[in-house]
Amino acid sequence: MSTILDITQMDMEFPTPTGNFIALKNVDLKISKGEFVSLIGHSGCGKSTVLNIVAGLLQATKGGVILNGREIHQPGPDRAVVFQNHSLLPWLTAYQNVELAVKQVLSNRMSAAEIKEWTEHNLRLVQMDHAMHKLPSEISGGMKQRVGIARALAMQPQILLMDEPFGALDALTRAHMQDSLMVIQSELKNTVVMITHDVDEAVLLSDRIVMMTNGPAATIGEILDVKLERPRDRLALVNDAEYIGLRAQVLRFLYEKQRKVEHIQHAAQKKLDGKKRTAA
Amino acid sequence: MVINTAVGVASIPSDWINVSRVLRLSPLTHVRKIVLPAAVPMIFTGMRLSLGVAWMVLIAAEMLAQNPGLGKFVWDEFQNGSSNSLGRIMVAILTIGVIGFLLDRTMLQLQRWLSWDKASASR
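Here the protein sequences line up with chains Z and E, keeping their order.
Using the working numbering, the first residue of the first sequence is number 363, and each one after it goes up by one.
Using the working numbering, the first residue of the second sequence is number 329, and each one after it goes up by one.
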């Protein structure tokens, strides 16, 4: 498989009043065409920063990202983003939200009729054709996220970036959305980079799971290949030895090798020490 | 009203800005499709506030400048000392109040027609 996205030696620093904060250090990642990659890690470890740099919304301090042989330095529709909180424009209906993207990206290649057809096709794909003329305030959270995905897919991106796409949804809706995402994915074979902190979601959906170390100066800790056969069935996998093993590996990475709780205990201990000293 | 508009534009959620950046909307389309609609609720709040102030100042200015109008009418009645004056002033004040109220309601109705954010237009 050919590499479509190549992240090389990427560093990211944010200026703060007390000197630069090093968020990412030496991030290296190659993603092949048609691959589904999950980024997992504790909150604040810079997952979103990686995604934002790939999207072009942020600029890396050092190193860079190459998409199809071209360096990325600004956002563009070839890297469609599905945001965590759907970010649909509330004054436009579901249809108009998707149409805005289609018109912007594809209007030089499509006639008005084709634009309408393509917009409706994408809404059908996420099973939102029954409510396409409703405003975002009139549909549920899961439906909004579906429209967000339809909007991203409609741009015909080379790579689809998803920033915790189902993070704001309840568990049942999330499971349902994951299933429909798998169906869509098996049809379109898009290249997808998804951020998540749901271990099950990562194992269920991905071809590879990229586990990130804790910040500051976060980098890629381990990469896990998921060779489970597709289509994957959530219920059948519950008792699947390989699935359980993969899941345990991710959990072990997150809770043994990269424990976040330690920091809290550490801080509490420091506080205690300080108190003792003042008492003495 | 200008301040309100400025605050409204400045407080557009960054997600919407990001959507526009990912789509590479041109500056004109960006203003037309994202900035203006997003700022409309704040613009209307500003217009309602400044309409109220404008009406108040108008009456006060009529009293001072002696331009014909409700303000001058109140002022003249106050000055001439007839026994009917008090009643007339009361009627004039009530009229001023009712007109002010109607102006505000008209603006609210306009907002209901034009703005997408029905929640902010309910009060």
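Derived by calculation from the structure, the hints in this document are not laboratory data.
Just so it is clear, the structure is predicted and the values come from calculations on it, not from any experiment.
We put the CB at the ideal spot given by N, CA and C, even for glycine.
Hints are supplied without guarantee of correctness; some may be wrong.
Below, a sample of chain E positions facing chain Z; criterion: calculated Cβ distance under 8 Å [unchecked claim]:
hint	residue
1	Ser339
2	Asp343
3	Trp344
4	Val347
5	Val350
6	Leu351
7	Arg352
8	Leu353
9	Trp444
Evaluation of the provided hints:
With 8 Å as the threshold, the beta carbon of Ser339/E stays out of range of chain Z, its nearest partner Cβ sitting at about 14 Å, so the hint is violated. For the restraint placing Asp343/E at the interface with chain Z, the shortest Cβ-Cβ distance is roughly 4 Å, inside the 8 Å limit, so the hint holds. Among the interface hints, the one on Trp344/E holds; its C-beta lies about 6 Å from the nearest C-beta in chain Z, closer than the 8 Å criterion. At a threshold of 8 Å, the smallest CB-CB gap from Val347/E to chain Z is about 6 Å, leaving the interface hint in force.
Look at Val350/E: its Cβ gets to within about 5 Å of chain Z, closer than 8 Å, so that hint holds up. Against a cut-off of 8 Å between C-beta atoms, the interface hint on Leu351/E holds, since the closest Cβ of chain Z lies about 5 Å away. For Arg352/E, the shortest C-beta to C-beta distance to chain Z is roughly 6 Å, which falls under 8 Å, so the interface hint holds. The criterion of a C-beta within 8 Å of any C-beta in chain Z is met by Leu353/E, whose closest approach is roughly 6 Å, and the hint holds.
Annotation: interface hint on Trp444/E holds; nearest CB of chain Z at approximately 3 Å, less than 8 Å.
Taken one by one, the earlier hints fail for this structure only at number 1.
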